[in-house]
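S.K.: As given, the protein sequences belong to chains A and B, one line each in that order. In this text, residue positions in the first sequence follow our numbering: the first is 251, and each later residue adds one. In this text, residue positions in the second sequence follow our numbering: the first is 251, and each later residue adds one.
Rather than coming from a laboratory, the hints here were simulated on the basis of the structure. Everything numeric in this text was worked out from a predicted model, so none of it was measured. Incorrect hints may have been included.
Just so you know, same-sequence chains aren't split out, so a pair can sit in one copy or run between any two.
In silico DSS-like pairs for lysine-lysine, Cα to Cα no more than 30 angstroms straight-line [to be verified]:
id: 1; residue 1: Lys402; residue 2: Lys363
id: 2; residue 1: Lys265; residue 2: Lys437
id: 3; residue 1: Lys319; residue 2: Lys402
id: 4; residue 1: Lys319; residue 2: Lys334
id: 5; residue 1: Lys264; residue 2: Lys319
id: 6; residue 1: Lys363; residue 2: Lys263
id: 7; residue 1: Lys263; residue 2: Lys409
id: 8; residue 1: Lys363; residue 2: Lys265
id: 9; residue 1: Lys402; residue 2: Lys263
id: 10; residue 1: Lys319; residue 2: Lys363
2 protein chains.
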Amino acid sequence: MTQQLQQELEDLKKKLLTMASYAETALNTAMRALVERDDELAYRVANEDDLLDDLEIEVDEQSINLLSKAPLATDLRFITVAMKISHDLERVGDEATAISRRVLELNGEPQLKPYLDLPRMADMVLQMLNAALDAFVSRNPTQAAHVIPRDKQVDALNKQLTRELSSFIAENPANISRCLALMMISKRLERIGDHATNIAEEVVYLYEGRDIRHLGKDLSALTQSKA
Amino acid sequence: MTQQLQQELEDLKKKLLTMASYAETALNTAMRALVERDDELAYRVANEDDLLDDLEIEVDEQSINLLSKAPLATDLRFITVAMKISHDLERVGDEATAISRRVLELNGEPQLKPYLDLPRMADMVLQMLNAALDAFVSRNPTQAAHVIPRDKQVDALNKQLTRELSSFIAENPANISRCLALMMISKRLERIGDHATNIAEEVVYLYEGRDIRHLGKDLSALTQSKA
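Given these sequences and hints, build the entire structure.
M.R.: Next comes the structure, spelled out in structure tokens:
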């Protein structure tokens, strides 16, 4: 590998880390907008999302350009994985923006109850995202593999919240619009967990050459015992 | 381009069309399971989804292999677009499987009302998917561009259905679980519309070299006037 190519691959990696930091900020801002009932913050999320959209296109262009210069299979794999990670991070921005739209709806009505579970869920998916990106940077497929089973906890929390909110509606149908908005936020957080899981699977593939997507329960059984 | 490379790119294209046909079958099967209240059909959807998962991995492996042989920027673009289309088709399979799980829940309870809007929505997104794939095969970016604004209609139908189902819950809270299941199906169909839109955008990028993702309203205004 030439020194220049090496440098360009490093730049690509840095761009992904920049994207990850925007994605994290977008989600944190959306959740603060919810908890602090602050419309100003909710509007700000769209800006971070725009930056992510632009960066995704940059990463794609840079990757296509690099693909023509990279002779080794490992480099090709790195570049295609970078494109996928970039896409997942851009989607995290989309989810954060969708959350902020629901927050604006919710802020227009009296608060149903203190939001405790949603911020906890947001913390869980942010930790997954961080761990997956950290595993990418430190070339640590084992760390990445440990992220994957944590998605089950996020899924379980989403199901529990959906059940609770359903019973809130049953108790008082006037709660419908607020409960549906909260359910949608929970669902969006659950999808951010999916994106973190995708990234973790990509990192395992990148450094171990094993494609573990779609393995489902087998893998989570494997890693849960070690978790 | 060598004749062998040309042949391998054709094979890749064929594999995508196979995936498209499985994705279509998966969605059609899930919708028939809903309308005909047939659990057997709902269980069958997971099989098509498994085939899609396997094909996505095959397409990725074949693509990485081809990337090292393809010297031209247009070939590189074709291959990376193929990987993205394959990912979107695999996700359509996931959505169909998620729909079939909701269908099983719904089939266990009395029918709330005849399902008319959901099959109509499924037809809309299947037509979008077909048109996008057709544009890919016939190298027709204009046809692909016309798919994109149709997503707005699907979004509008999803919003309308969600509103209707919300008022059903308000009228009778005992309808909650069935209404939520139907809302989730509507949301999944809306996401299949998003995947068809992604594919259409990729096809425009492939044949025109313009990246039109994230252009949003500007583009839909542009193409709607011609539609």
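S.K.: Please go over all the hints and tell whether each is borne out by the structure.
M.R.: For each hint, the structure was consulted:
no.	hint	in the structure
1	Lys402 with Lys363	within (26 angstroms within a copy, 34 angstroms between copies)
2	Lys265 with Lys437	within (28 angstroms within a copy, 32 angstroms between copies)
3	Lys319 with Lys402	neither (40 angstroms within a copy, 40 angstroms between copies)
4	Lys319 with Lys334	both (19 angstroms within a copy, 21 angstroms between copies)
5	Lys264 with Lys319	both (19 angstroms within a copy, 27 angstroms between copies)
6	Lys363 with Lys263	neither (42 angstroms within a copy, 52 angstroms between copies)
7	Lys263 with Lys409	neither (35 angstroms within a copy, 39 angstroms between copies)
8	Lys363 with Lys265	neither (39 angstroms within a copy, 51 angstroms between copies)
9	Lys402 with Lys263	within (28 angstroms within a copy, 35 angstroms between copies)
10	Lys319 with Lys363	neither (56 angstroms within a copy, 59 angstroms between copies)
Checked against the numbered hints listed earlier, the structure breaks hints 3, 6, 7, 8 and 10; every other hint is satisfied.
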